[in-house]
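Number of protein chains: 2
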Amino acid sequence: MSEKENGKQAAGYDAWLGTLEGTGKGTIEGAGAWFGTVIVNEQHEVIESARAEWCKAAEELYGIQPSVSQTAGEGASGLLLGTFGSSALLDEALGPDASSAVTGPEGFLIRADRERRRIAVGAKTPAGVLYGVFHLLRLLRTGAVPEELNAVENPVNGLRMINQWDNMDGSIERGYAGKSIFYENNRITENLDRIRDYARLLASTGINAIAINNVNVHRYETMLLTKEYLPDVAKIAAVFRAYAIKLFLSINYASPLEIGGLSTADPLDPNVRAWWKSTAADVYAAIPDFGGFLVKADSENRPGPFTYGRDHADGSNMLAEALQPYGGLVIWRCFVYNCKQDWRDRQTDRARAAYDHFMPLDGRFLDNVILQIKNGPMDFQVREPVSPLFGGLEATNQVIEFQITQEYTGQQRHLCYLVPQWKEVLDFDTYAKGEGSPVKRIVDGSMFGSRHSGFAAVSNIGDDTNWTGHLLAQANLYGFGRLAWNPELSAEEISREWIRQTFGAEEQVVRTVMGMLMDSWSIYESYTAPLGVGWMVNPDHHYGPNVDGYEYSKWGTYHFADCHGIGVDRTVATGTGYTAQYKGRNAEVYESPADCPDELLLFFHHVPYTHRLHSGKTVIQHIYNTHFEGVERADGLKEAWAGLAGSLPDELHGQVAERLAHQAVHAREWRDIINTYFYRKSGIADEQGRTIY
Amino acid sequence: MSEKENGKQAAGYDAWLGTLEGTGKGTIEGAGAWFGTVIVNEQHEVIESARAEWCKAAEELYGIQPSVSQTAGEGASGLLLGTFGSSALLDEALGPDASSAVTGPEGFLIRADRERRRIAVGAKTPAGVLYGVFHLLRLLRTGAVPEELNAVENPVNGLRMINQWDNMDGSIERGYAGKSIFYENNRITENLDRIRDYARLLASTGINAIAINNVNVHRYETMLLTKEYLPDVAKIAAVFRAYAIKLFLSINYASPLEIGGLSTADPLDPNVRAWWKSTAADVYAAIPDFGGFLVKADSENRPGPFTYGRDHADGSNMLAEALQPYGGLVIWRCFVYNCKQDWRDRQTDRARAAYDHFMPLDGRFLDNVILQIKNGPMDFQVREPVSPLFGGLEATNQVIEFQITQEYTGQQRHLCYLVPQWKEVLDFDTYAKGEGSPVKRIVDGSMFGSRHSGFAAVSNIGDDTNWTGHLLAQANLYGFGRLAWNPELSAEEISREWIRQTFGAEEQVVRTVMGMLMDSWSIYESYTAPLGVGWMVNPDHHYGPNVDGYEYSKWGTYHFADCHGIGVDRTVATGTGYTAQYKGRNAEVYESPADCPDELLLFFHHVPYTHRLHSGKTVIQHIYNTHFEGVERADGLKEAWAGLAGSLPDELHGQVAERLAHQAVHAREWRDIINTYFYRKSGIADEQGRTIY
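So the sequence lines, in the order shown, correspond to chains A and B.
Mapping the first sequence onto full-length UniProt numbering, position 269 (from 1) lands on 269, and the numbers just tick up by one.
Mapping the second sequence onto full-length UniProt numbering, position 176 (from 1) lands on 176, and the numbers just tick up by one.
In isolation and in its complexed conformation, chain A is listed as follows (with noise of 0.2 angstroms):
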């Protein structure tokens, strides 16, 4: 390993997927027969790949080069790897029950011999027997000794996606961790080591596509469909397809106009339609196994079917259309709404709008379109409900957007571990058929048995050298991608996996680690905006406090504070109406100020400052206990991670240790206004008489 290689390293390059000091080498018994020889008779890029990621752990792990061969006598040790069929030796050391318990394209069965010291890996597909490397591996990184390894696993969920925001002029919109690794200087990159490293990152997370441009299409990349930039965008196609994740490409609804020489883009123009197919034809030459195309039309400004008196069904189905004869998929995203809002207008409802937009047209959408549903109805804030769409739509593919990019929480300078958040919204029951109807069996397609389904994420990666800025934030794609193959696991779970595999086993790091993770999300919500009412952050950047900042703006985003209380009215009764939105008793709950739980009581309710919580607290002491907390548990948090010195490599405690610092700045900032706006506007002292400004 060189010099250089050695400092990314040691600076978090390797993420997950590196070899920790002090564990590994010589740990295991009998460590030569078990990772001595790799059999693997079939010839297939992502199998290689999966040969390859052994091969090289092997090395790292126990200082084994393993030999590769073809065959294998019966007895033979080492690691037998292929899909079911392809050799007898491999479908004898899996059982007779392997095809049965492998039930999906995607899943893979692992077996361990213990007295053969082999262990064999299968699969119905090349991507199965890739899954069932990584996760051999991400065993034994987090103490499985080789004997134990029987696993069978399937994803719950068909796709499991990642979303760039990535800008061809290196920029990427809402990143945090440097510069785009996909393009510089409104060019395709030629560093396609960093992609590759990035595939691998998310393949033994277990994602399977990823659209590589910014939902936000500009001039540059709108012409990423023109047969200049297809060739390099095949190259990248090329890289993620050894890793068994299809490429999909953010469009412009206006192509049509702006690179394809009509002079409309209405969807249900014939010329348009020949456009798209012709597009379509042209892309699939160049990327055989192409995704498809994600798209945001009609929204923040976007262009879209509106233009021309058309509707979502007509504007997504006619790409859907284009793509079907190639398999390929159009996910639609449905956050549309009206961001010309004027802030005096109390009767328009910016969290009603996919909702109003989208339930009507249920049922409509052809079977290769699929509509990315952000998690909440607004836009990834730290506290939203779930959108009402879930459970909503029941004729109607679906996929859950998440932000694992820090937009609103923090943007990779503060802690915060969002797995605990997407697991409530994933287990938050929507009574669509009635109790029991989870989030997350809509989204793994089950409820309603849709075709296309699952989770996409906007991801948090740049060219930092630790990928996301914040290296705890590592945790946060990393769990995106476990939680996207398993809804079931527990946040626990996945960041105790995380952390052995980028911090090593030794138990006060494990046990610290995890404590600062799962209260991270707690901590930055209670400093910044109160009781589920969102936003108060500076305009643009997001970055900061800001309590106004949104007030009085365009955006929908408003909280109503004046001298006597604070909140929306979304109800019924007197509100905008956005319960009804909910199903059972969801709607109820939600109506009711008394039953609605504390955390969502501002998002659903304007209520005096006075209101007693059922925490027993009034509005605005919770206001006041929460901020003054926060900041005391942010400091915790740095105390917590000094006591780790020593403990980890220097290199990466420092980084830790300077975001920290910083966070525990930031939450004064936070708390200090938070508080002097509300002690200025209330008038209400604090009941315990701390400094407020």
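If you're looking for bench data, these hints aren't it; they were derived computationally from the structure.
Virtual Cβ for every residue (Gly too), placed ideally from N, Cα, C.
Among the hints, erroneous ones may be present.
As the list claims (entries may be wrong) - Straight-line distance between alpha carbons at most 16 angstroms, and here's what the computed EDC-like set of lysine to aspartate or glutamate pairs gives:
{"#": "1", "chain 1": "A", "residue 1": "Lys340", "chain 2": "B", "residue 2": "Glu669"}
{"#": "2", "chain 1": "B", "residue 1": "Lys423", "chain 2": "B", "residue 2": "Glu488"}
{"#": "3", "chain 1": "B", "residue 1": "Lys554", "chain 2": "A", "residue 2": "Glu669"}
Stated by the list, open to error - Some chain A residues flagged as far from chain B (calculated, every beta-carbon gap over 12 angstroms):
{"#": "4", "residue": "Ile64"}
{"#": "5", "residue": "Pro96"}
{"#": "6", "residue": "Arg111"}
{"#": "7", "residue": "Glu173"}
{"#": "8", "residue": "Tyr284"}
{"#": "9", "residue": "Glu300"}
{"#": "10", "residue": "Asp427"}
{"#": "11", "residue": "Phe448"}
{"#": "12", "residue": "Gly449"}
{"#": "13", "residue": "Met518"}
{"#": "14", "residue": "Asn538"}
{"#": "15", "residue": "Cys563"}
{"#": "16", "residue": "Asp569"}
{"#": "17", "residue": "Leu600"}
{"#": "18", "residue": "Tyr693"}
Unchecked claim - Stretch-level coverage of chain A by chain B, calculated; a stretch enters the list once three of its residues show a Cβ under 8 angstroms from a Cβ in chain B:
{"#": "19", "stretch": "541 to 551"}
{"#": "20", "stretch": "681 to 690"}
With the hints as your guide, set chain B onto chain A.
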């Protein structure tokens, strides 16, 4: 005139030096005699500019191309032009009292002889001759007949300076009328014609100095002092020289480090002193009449002597010594304050800063150093008290700095004629030598016998065809020059002059536009930040309402509104003690909430919303009333202008109509945001029950 030139003229390019349709030609009896000849027997570029200006005007106004001769017989008619003693004929025409009437080097005498149809313009210097000719043309363009042309004028202020905040990338800091006419792509422009026309406009109002680059001196601008750039700077200097305008450069205090190869910029370091002396020699070799340096040091993150433990006197005197051999000046800005204030800190008061920094240095500056002091203690707000440095400093050269560019007064999208504001400042009694010590007597140098003094202002022009974006904002550029020449001119007189030279003599036009101009400051004030408290604008770009925009920032600009009241307590009794920086009655008046003028109440005092103003209204009701009325008055501007359709060229009328329409809409945004903010905060309803959101 080419079609293009016609178009430019129609779009306002000629400003107040154009010819108006329907005026001029043939309206003066005997024009052929009065204007047929110019007699001038001196060879001087400034006198040549005067002659050329006269000939151009004679042709445009009367259709006469004057013949130019060096001598003439005793009975000759036409214009005689020159410095005293340059010809016996001129001296005779001016009469025996000429030299004694013209007391200053830039003054002039105009004498008309009805019988001979002869006008004589004489002065001590070519500059005076130029000002005389421009004055003559102003009189003719505003309706004077030749036989009445008798005048003697001497400028009241020595330095009458314009500061360009132009950057070499072509941008203009706080510029609202296009890009720089001086620079593009980090080079000095080759289009000297536009600069020459700007010089004509400035000289016509009496401006005699200009600093051509932004006081924030960045990388490229720092290099203007180098031999690479000085030849181009010299070209600009030559253009201005022909109009008797001296060229200054804003300099970077860290130049010795950035371009001098030194390791310090310490003003007491011998190498630094030598470097500046050598640099001054280079500059004067290229531009022998170079004016000097304008310096923003230790202000808003600009470098300065503080870095080296030196003070502003050390810092400026060092530069002054370098320039002294050449008669150069150092103009040192007093805009120094802590721009990293903690908003929690209620003791630090930005308003105090300039006085606190500079008063202790009074008397320590060399006599070619001039302090440039902003009119108010904050930063060009729509309403501020006068800077207490005026009347404080007694032994220091001073110029007052105004801001023609409308950074905080509507950015040339709102109409705001600033001359009335400047008049108030100039007439403000400082009590420096007891009652009757107005600011204008300090900045003209007479009160303390200053060697150098005068006016400076930040320009409002860019490369927009009409120079100022908002056509009516030309009146501010014009008015500044006229007021610098003679602070006794009234705002009405100046506006009348400008209107007649710009739009002609039609009485309805003059009356309407004058009414609009004279009301405009008050209108803008009425719907923006109330009662002198200032700010309430969006951060950074400073456009549009944002009540808390600067409330929790580091800039020292707060209003401290809470549910009980608003304002900044700057009293000695209970506040920051700022009022003690004033002398005599001012200190008492400002200290007392009962005596403080309404319009400055919230600048000096924190009062309850129910505090009753001298007007009889409560503070809160005043806020509501003025904001409702402000919108009506903004509508009134629009309507008044609409009434002039047909009386003005369509192009000019349309330009202004568009701006006034925007203003009316944007005034509503101000009204509603401010009213809603204070209604929500105070809980006090409008007495008249008008709509507050």
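*Please flag the earlier hints that this structure goes against, numbers listed from lowest up.*
14, 15 and 18
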